[in-house]
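Asker: So the protein lines, in turn, are chains A and B. For the first sequence, the residue numbers in this note's numbering are 1 to 286. For the second sequence, the residue numbers in this note's numbering are 1 to 272.
To be clear, the hints were calculated from the coordinates, so they are not data collected in a lab. None of these values were measured; they are calculated from a predicted model. The reader is advised that the hints may include incorrect statements.
Some chain A residues well away from chain B (every beta-carbon gap over 10 Å; in silico) [what the hints assert, rightly or not]:
| id | residue |
| --- | --- |
| 1 | S198 |
| 2 | P202 |
| 3 | A228 |
| 4 | F278 |
Sample of chain B residues at the chain A side, in silico, Cβ under 8 Å [stated by the list, open to error]:
| id | residue |
| --- | --- |
| 5 | F26 |
| 6 | L28 |
| 7 | L40 |
| 8 | Y70 |
| 9 | I115 |
| 10 | V171 |
| 11 | N206 |
| 12 | Y226 |
| 13 | F254 |
| 14 | V262 |
We put the beta carbon where it would ideally sit given N, CA and C, even for glycine.
Listed here are the chains, written in short residue letters.
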Amino acid sequence: MVRRSPYPQWFYLPAGVVYGVLFVVPTFASFYFSLTRWTIFESHFIGLDNFVAFFREPALVRGFTNTLIYGVVTSGAKVVLGLALAVLLTSRIVARGWLRSVVFFPVLVSTIGVGLTFTVLLNPERGLVNQVLGAAGVDGPGWLTNPSYALLSVAMVDVWKGVGLATLIYIAGIVSIPQEYLEAARVDGASAWSVFRSVILPLARPATVTVIILSLIGGLRSFDLIWAMTRGGPGFTSDVVASVIYKQYQAGFAGLSTAGNVVLFAVVTAIVLPLSRFLNRKEVEL
Amino acid sequence: MSRRNWPLSIAAILVSAVVFLVPFAFILLMAGKDRAQAALLDFSWPAQFRFVPNFVDVVEARDYMLIIAYINSTILTVTAVAGMVVLAAMVAFVLQRRPGRLHGLINFLVLAGLIVPPAVVPTIWVLKGVGLFGTMPGLILVEIAFGLSFCVLLFRAFIATIPRELDEAAVIDGAGPLRLFFRVIFPLLRSVIITAVVVQSVTVFNDFVNPLYFLPGDPTVQLTLYNFAGQYTAEYNLLFMNILLITIPPLIMFLFFNRRIVSGMTSGAVKG
Numbered sequence: 001m002v003r004r005s006p007y008p009q010w011f012y013l014p015a016g017v018v019y020g021v022l023f024v025v026p027t028f029a030s031f032y033f034s035l036t037r038w039t040i041f042e043s044h045f046i047g048l049d050n051f052v053a054f055f056r057e058p059a060l061v062r063g064f065t066n067t068l069i070y071g072v073v074t075s076g077a078k079v080v081l082g083l084a085l086a087v088l089l090t091s092r093i094v095a096r097g098w099l100r101s102v103v104f105f106p107v108l109v110s111t112i113g114v115g116l117t118f119t120v121l122l123n124p125e126r127g128l129v130n131q132v133l134g135a136a137g138v139d140g141p142g143w144l145t146n147p148s149y150a151l152l153s154v155a156m157v158d159v160w161k162g163v164g165l166a167t168l169i170y171i172a173g174i175v176s177i178p179q180e181y182l183e184a185a186r187v188d189g190a191s192a193w194s195v196f197r198s199v200i201l202p203l204a205r206p207a208t209v210t211v212i213i214l215s216l217i218g219g220l221r222s223f224d225l226i227w228a229m230t231r232g233g234p235g236f237t238s239d240v241v242a243s244v245i246y247k248q249y250q251a252g253f254a255g256l257s258t259a260g261n262v263v264l265f266a267v268v269t270a271i272v273l274p275l276s277r278f279l280n281r282k283e284v285e286l
Numbered sequence: 001m002s003r004r005n006w007p008l009s010i011a012a013i014l015v016s017a018v019v020f021l022v023p024f025a026f027i028l029l030m031a032g033k034d035r036a037q038a039a040l041l042d043f044s045w046p047a048q049f050r051f052v053p054n055f056v057d058v059v060e061a062r063d064y065m066l067i068i069a070y071i072n073s074t075i076l077t078v079t080a081v082a083g084m085v086v087l088a089a090m091v092a093f094v095l096q097r098r099p100g101r102l103h104g105l106i107n108f109l110v111l112a113g114l115i116v117p118p119a120v121v122p123t124i125w126v127l128k129g130v131g132l133f134g135t136m137p138g139l140i141l142v143e144i145a146f147g148l149s150f151c152v153l154l155f156r157a158f159i160a161t162i163p164r165e166l167d168e169a170a171v172i173d174g175a176g177p178l179r180l181f182f183r184v185i186f187p188l189l190r191s192v193i194i195t196a197v198v199v200q201s202v203t204v205f206n207d208f209v210n211p212l213y214f215l216p217g218d219p220t221v222q223l224t225l226y227n228f229a230g231q232y233t234a235e236y237n238l239l240f241m242n243i244l245l246i247t248i249p250p251l252i253m254f255l256f257f258n259r260r261i262v263s264g265m266t267s268g269a270v271k272g
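Next comes chain A alone, as it looks inside the complex (with noise of 0.2 Å):
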């Protein structure tokens, strides 16, 4: 007699029809309609033609390659800030629980939000930003409205709402860091900066590799605080890939809208696999 297994696997049976339905299947169709004139009720095959759109056409390889910019300036961004503040909020300082409070609460809060509030912040002639700097005789940009700014901006905010996260888990892998390598490094005599050098930086090197594969995910995939903010303006020099699937899809451009998702799909993978194999590999080898 053969006994049941108590582990039945049509347990996977109600998760995997609702993932499989609505995210593995588009995941799949959308390489065929890629390659085809699509409006959602009809499609034509055309072969490459939307991806040679896509890597022609100005405004759509500027897409592309902001998309690039905006995930490597947010992920480095988040690194280094995020362990220069888990380094502090680890030390001996005054309000520890408060300031981590304080640096990790606009990770949970409405990124339209956040946006919106940012645009203010950031108007050229009445926003606070500029009032300051203009205080300190220093004469602020036009952040949002000035295209080699524009793209920037935005990132500037997306650090500011997202190195909280970055923050805790280096937090994390610090506070995990045995107490006697710190101990036998200061008998040593070692400064606090070889400390931080050769004890802190390569013991918390899993959180390094954690946090720059979530920002670089996020941040390629980023689209609604670029969509708060700019638009994706002016004109087209803050777009990224994800904002012009939604532009490409609010004009009728199903094919290229999908086109340009399969291109999000590719950097994400082409980036972040072979990066968190790479990252993985040499702490193995420590």
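We have chain A; now place chain B onto it with these hints.
Answerer: The following block gives chain B in isolation, referenced to the frame of chain A:
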């Protein structure tokens, strides 16, 4: 050794107050101003406090749109989070307990769910095919599908700490799989379920992209806020009152579940 570093502390408190609290103070101040003063966009004390009239105006704007949006967002958040927690716990349970042929495939799908950007227009196409596009159930199912991966990872790690002897005891006592799962395992997951619920509620409540694509007709709070910003361009006091109202639910979550959120976001993240 336990000497506290006062100068550094004071500097840290001042800088964090300027960088992280001033924007929130700004929201609060703007929400209390009258229309003319709010239009100046400056960081100043309200000449007269108009919190109550502004609140009433925002709620009444566009035929009580905000109330409808809150109801919609509440329904969406509660059902989507409940659904993803139960479905993900079932997957995580069998996945952790029974390494089988499907094991590798499911692990792959879970990780894919965290990395792969959802294909939006094909998802609309599928939803139209099954007649759920533009409906609340459709959006709920989409949110469940996108939230499953995170929950499965969180639960699987926790289930690994529950001894198998417990399952065996329940099976010997005659419990079938459903009973074993819902009466024995699920209640033991309580603490990690609270974590998942809190983190995912904030995520779903704050979600803007999915309602934008999949539920264009009915308002959710984030969509309402976004449209409000487009329509009431001259009434910044009302806009910021709206932002304030949308910030309050996460703030309450944060005050009550600070530790849960922190542990959930870091543990889930580190394992992912």
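Asker: Given Y70 of chain B as an interface hint, is its Cβ closer than 8 Å to any Cβ of chain A?
Answerer: This interface hint is violated because 13 Å lies over the 8 Å limit.
Asker: Does the nearest C-beta of chain A fall within a distance shorter than 8 Å of the C-beta of F26 of chain B?
Answerer: 7 Å, holds
Asker: A closest beta-carbon separation below 8 Å is what the hint needs, so does V171 of chain B meet it against chain A?
Answerer: 5 Å, holds
Asker: Let me know if the C-beta of L28 of chain B comes in closer than 8 Å to any C-beta of chain A, holds or violated.
Answerer: 11 Å, violated
Asker: May I ask you to test the interface hint for V262 of chain B with respect to chain A, counting a Cβ-Cβ separation under 8 Å as satisfied?
Answerer: Cβ of V262 of chain B sits 6 Å from chain A, so the hint holds.
Asker: Would you assess whether S198 of chain A, listed as outside the interface, keeps its beta-carbon beyond 10 Å of every beta-carbon in chain B?
Answerer: 21 Å, holds
Asker: Grab the minimum C-beta distance from L40 of chain B to chain A and call the hint holds if it beats 8 Å, violated otherwise.
Answerer: 6 Å, holds
Asker: Hey, does P202 of chain A actually stay past 10 Å from chain B on C-beta?
Answerer: 17 Å, holds
Asker: Classify the label on A228 of chain A as holds or violated, using whether its beta-carbon is more than 10 Å from each beta-carbon of chain B.
Answerer: 7 Å, violated
Asker: Is the hint on Y226 of chain B kept, meaning its closest Cβ partner in chain A is under 8 Å away?
Answerer: With a closest approach of 5 Å, the Y226 of chain B hint holds.
Asker: Verify the interface restraint on I115 of chain B: the C-beta must sit less than 8 Å from at least one C-beta of chain A.
Answerer: 6 Å, holds
Asker: Is the interface hint satisfied for N206 of chain B? The criterion is a beta-carbon contact with chain A at less than 8 Å.
Answerer: 5 Å, holds
When held up to the earlier numbered hints, the structure conflicts with 3, 6 and 8 and fits the remainder.
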